[in-house]
Amino acid sequence: MALLAGALFSARRNVRQDVATRKGALRLGTVAVFAQLITWALNDPHVGNPLRKSIASSNRSWNRSSPEGRAVRHASGRGTGHAPHWPNSLLGWTRLLRGENRRRTCGPRHAVRPWSGALITLLIFARGPLNHLAGAHYPVVSFGNTRYFEGLHYVIGFLFSLLVFQTVFNAMWCILTIVGLMRLFKKLWIVGIAATVAFTFLAARALFIDAPGLL
Amino acid sequence: VINLLIAFTVVAVITVLAIHVGLLATVVAFAVSFTLTATPWTFDSTAWYFQQSAFVLVVLTGITAFAAYAARSTGLDTQR
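Residue numbers (this note's numbering), protein chains in the order written: chain A, 1 to 215; chain B, 1001 to 1080.
No false leads were mixed into what you were given.
Facing chain A, from chain B, some residues (calculated, C-beta under 8 Å): (1) Ile1006; (2) Ala1007; (3) Thr1009; (4) Val1011; (5) Val1013; (6) Ile1014; (7) Val1016; (8) Ala1018; (9) Leu1023; (10) Thr1026; (11) Thr1035; (12) Ala1038; (13) Thr1039; (14) Tyr1049; (15) Val1056.
The calculated label-pair distances, taken between Cβ atoms and stated as ranges, are: (16) A/Leu202 - B/Ala1054: 31 to 37 Å; (17) B/Gly1062 - A/Ala2: 35 to 41 Å; (18) B/Pro1040 - A/Thr30: 31 to 37 Å; (19) A/Leu188 - B/Ala1071: 21 to 27 Å.
Simulated coverage check for chain A against chain B, where a stretch passes if three residues somewhere in it have a Cβ under 8 Å from a Cβ of chain B: (20) 161 to 175; (21) 181 to 195.
It is worth saying that the hints were derived from the structure and are not from the lab. No experiment lies behind these values; they were computed from the predicted model shown. Yeah, the Cβ is synthetic: ideal placement off N, Cα and C, and Gly gets one too.
Use the sequences and the hints to build the structure in full.
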């Protein structure tokens, strides 16, 4: 309830200050609400569904007056006298929300890249054979998400939950961390290495669990 | 050591994506990776869980097709 109240307050403030992207916010909100309804309708158990907190996180992340928004703004150097360090990362997303997915800047470099997910999965699956080649002859147990066997309704609900909330939440934290590291290190390659090391130790365990929630 | 190296490589891919390509690409990479890992894949149409596997395949194919469509955009229609 506190998150909801905070989101409403922030939204009202942004609208009054005329800094809100109303069209994008409306589109995002509509997708978020319907995706949550679909997930609730199709997936059991309803209680404790991670979407409840994820939807609030998504709204807050888009809100520049929220604590996270302020942190990002501070980390990016805005209002602090430093040069802004906003990565190009955020541009493709906001442009897509405005319906500008056919712009060149949103195409080759900023559009969706599913092959990256496939590459990540291939690397994870390569762990078993590589361990075997290295002499570690133990069975690699991997059943995937066994709730898939409940039926197609679960798969649809899971995908809506995954695509709209869980992955956005993880990616948002990645970007937030990278922007924060940009304030500490001036060289981009140092930021990349520091972020990779930090994420590896945060995510190493979760990477090999067959469930969402990398960070 | 192999596990750590693979974890490091996977995370490096994610970091490069987040820095150089964008948030949307990172989101989709997470989504595709989670989905590929979670799905009990089968191409045996008589398997009782074939429906789930086929559905996810269609969804991922659709996302890939949209990515190809967006990447081939000339940008002339919305260029300002």
